[in-house]
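Colleague: For reference, the chains in residue letters:
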Amino acid sequence: MNLSGLLSQFLAIMAALLLAPLLTGWVNQWRAWLQNRSGPGLLQPYRMLRKLFIKESVVAESASPLFRMAPYVAFGCMLLSCAIIPTLSTDLPLSPAADAIALVGLFAMARVFMALAAMDIGTAFGSLGARREMLIGFLAEPALLSVLFTASLISQSTALTEIVENLAHRDFVLYPSLAFAGIAFCLVSFAENARVPVDNPTTHLELTMIHEALILEYSGRHLALIEWAISLKLFAYSCIGLALFFPWGIAEAQAPVALILAIPAMLFKLAIGGFLLALIETLCAKMRIFRVPEFLATAFLMAVIGMLTHFLLGS
Amino acid sequence: MHLPGLKLDLKGLPAPIPLSRGMVDAADWSAAALAVAECGGRLVALWGSDRRQGETGNFVISAAYAMQDGMIWLDLPLTGAQSGYPDISGIFSFAGRMQRATADLLGIHAENAADTRPWLNHGAWPVEHFPLRREVNGAACFDGRSLKDYPFVRVEGDGVHEIAVGPVHAGIIEPGHFRFSVVGEKVLRLEERLGYKHKGIEKRFEQLPASEGHRLAGRVSGDSTVAYAWAYCMALESAWNLQIPARASWLRALMLERERVANHLGDLGALGNDAAFSFGLAQFMCLKEDWLRLNKELFGHRFMMDKIIPGGVDVPLDAPLDAPGLARLVAQCELVEREVHQLRSIYDNHAGLQDRFITTGRVVPELAKQLGLTGFAARASGISHDLRVDFPISPYRELGVKAAFHRSGDVAARAKVRFEEILESLRLIRRMASGLPDGEQRVNPDKEMPAGFGAGRIEGWRGEIFVALEIGASDQGEQGNRILRCHCHDPSWQNWPVLEYAVIGNIVPDFPLINKSFNLSYSGPDL
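If you read the protein sequences in the order shown, they are chains A and B.
Residues in the first sequence are numbered consecutively from 13, following our numbering.
Residues in the second sequence are numbered consecutively from 376, following our numbering.
No lab work stands behind these hints, which were simulated from the structure alone.
A hint or two may mislead.
What the hints assert, rightly or not - One side of the interface only, derived from the structure: several residues of chain A facing chain B at Cβ under 8 Å: (1) 27; (2) 74; (3) 76; (4) 80; (5) 218.
To be verified - Here are the computed distance ranges between Cβ atoms for each label pair: (6) A/295 / B/706: 45 to 53 Å; (7) A/283 / B/721: 24 to 32 Å; (8) B/413 / A/214: 33 to 41 Å; (9) B/706 / A/280: 42 to 50 Å; (10) B/574 / A/73: 27 to 35 Å.
What the hints assert, rightly or not - Per the computed footprint, the stretches of chain B lying under chain A, defined by three or more beta-carbons under 8 Å from a beta-carbon of chain A, are: (11) 428 to 436; (12) 507 to 513; (13) 644 to 653; (14) 657 to 664; (15) 723 to 729.
For glycine and all other residues, C-beta sits at the position ideal for the given N, C-alpha and C.
Please model the complete structure; the sequences and the hints are all you need to start from.
Modeller: Structure follows, in structure tokens:
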């Protein structure tokens, strides 16, 4: 570990914390524009966070410590995932702490805690949401793992930094297996981030909610942390996608100039990704909840085909 | 008009839509209901009145039946100490809730009814207190501590659990409680609990002069203010045998159609939004907003509230409702028509949206008939009732109305009916604006008019709205004639119970979509 490693690690975490709400705002702004609305402005998520941090946090009488703890666990998980994903540089001192498999585990841990907290209060909607969230989770996680395995097979390592280093800084090679994995990853991202067509993050209809139902009982700083964690998750997923499939521009170790250039490259890639997300969300309607397993089965199948392709082509 | 097998003394009332009124005794009460059902008629409304005056008079239970050739209004006086009347919920299932509401408000019961739980009384007033009785002036306050648990019907079984929704919802909508019994995501049973919007409107009517009741009627359910005001005025004009000028009835119909278009536009947008297709909401809301703004400019109110008054309409005789104003109306219709055609093809060709709409919340024609579904929802389930077609009054008589008609009875069919009704209403509005007769647009009723009964029926956007009116003699003073009893009937009375059936077998997340496709009123059946 050296100074530049610490610096790039620090930059990665700060970029995630500060830019994640902006990405959410960017997606929402484009959603509004694509619907011919003027939209709330790019900075709305920051205003939302400030408001929620100032507001009093009301907790149900029946809540156990688990309920209070869950937002911190979820936020911590998302922050750690952002810290090990090579967003700006592959020189991340924290990355040996968790590899691609542990990353999926981090997401799963956040999900389990949120589901437990939702059931902790004992309202019908909490249990309803927890049930649906776990249904999506247990289908999405294997698909995500398979996507990451496909990438690992290419670089013979499950450490994200090594995968990215391998993909970004070797001679340019087309990997057909990654094309399948890319499609699978997109499908999984919609499900995992509770976006249309799987879930609707802006709905007010309790009965249709999946992820929103889990957090109905939260308020104040707890809700702020959860909202921030949701933004971080979207950011993390976008960065995984960019790192695996469009890794160009991410700096290597001991390359301070590249590190500075990596910031505009990342912003540019995220902006395009956010626009595409908003576009797909505008064009789609939410599917019936029982179509979600088919949707995620497709994702899993695609990821497995990606792995098979890798072996078939013997790359 | 007569009922087969019954000797009833029916007296015709002077109304634009044929209407006869008569008395029955307890023995004939259910026989009449049976006869109506047998000859294809249906129950429209059931309500109670307190006609006691000192030692004389009694409670009366009334029913209004829609027949092929008009309407029959039957009164059953409850003589002596009798406080019950025969139950007809076995013949018309949706009568049950109206009977329970009457029991809460007046203390007269349907004898041997299967369901005798309170309906409107949520404990806000004591069980021995009956707000619609003569001796109650509405000023009493209760602490509301008598609020009791409402015994919902329980579904037992392995894995069955309940989801309680409302009355406070996460969105800004009217309050209502829904109790789902579900297995996993599948709905086994839905039970509604309404009555959170009780405002004492029917009591308030009794304190108003008849010439002012239209304003209160227009506030029964805000989205149908034109239809209610017209139905009330029709009732009043029929009681007083008042002929309104041709221009007035054309303008009334014009406003009614504009109200229909505004509501259908809003609901179609909301239907898209409930399936997370927010693009639809934004586009339809944009159209609706422009529509309401033109209402404000031309008629003086976004929802055209208080624009229909006894004897005519209260809208400007010249500008802004002059020739250029009417031309703007026509131009707007053409613009909206183009947009609606485009949005319709987007909705029709959107695979994701159609997947959510088709087969969701299906009410097959047989079930619709059995449960007495009414309004545009009925026209999506193979029942072609539309007052504008069945009993066309001016200007519908001159213009002719083509009612929408579908049979599949799912959310998709209700959306189709709404699209078709928008287009038909746009055609009507254009014809009305171009052919609007000149001349007076209101007649003033005299200060002192006769006492009597009147009824009004209007095809509002949601369905048939019915107002039964009983007017007292003039008190020779400032106030003129008083209202003795005014009952406003909302089609939601019929359609709420159907919703409970429509949702059976569907999955929980589809309920908001099904509910929105009906978009029933919480306020209308809770006066």
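Colleague: It remains to establish, for every hint, whether it holds in the given structure.
Modeller: Hints, verified against the model:
1. 27: Since the shortest Cβ distance to chain B is 30 Å, the answer is violated.
2. 74: Hint on residue 74 of chain A: violated, closest Cβ of chain B at ~16 Å, above 8 Å.
3. 76: Where the cut-off is 8 Å and the nearest Cβ of chain B is about 21 Å from residue 76 of chain A, the hint is violated.
4. 80: violated, 22 Å
5. 218: holds, 5 Å
6. A/295 / B/706: 45 to 53 Å: At roughly 32 Å between Cβ atoms, residue 706 of chain B and residue 295 of chain A fall outside 45 to 53 Å, so the hint is violated.
7. A/283 / B/721: 24 to 32 Å: holds, 28 Å
8. B/413 / A/214: 33 to 41 Å: Violated, since residue 413 of chain B and residue 214 of chain A (Cβ atoms, about 52 Å apart) do not stay within the stated range.
9. B/706 / A/280: 42 to 50 Å: holds, 46 Å
10. B/574 / A/73: 27 to 35 Å: Taking Cβ atoms as reference, residue 574 of chain B and residue 73 of chain A lie about 33 Å apart, which means the hint holds.
11. 428 to 436: Not satisfied, violated; 0 residues make the cut.
12. 507 to 513: It is violated, with 0 qualifying residues against the three required.
13. 644 to 653: Since 6 is at least three, the answer is holds.
14. 657 to 664: This one holds; 3 residues, not fewer than the three required, reach chain A with a Cβ under 8 Å.
15. 723 to 729: With 3 residues in contact (Cβ-Cβ under 8 Å with chain A), the coverage given for the stretch 723 to 729 of chain B holds.
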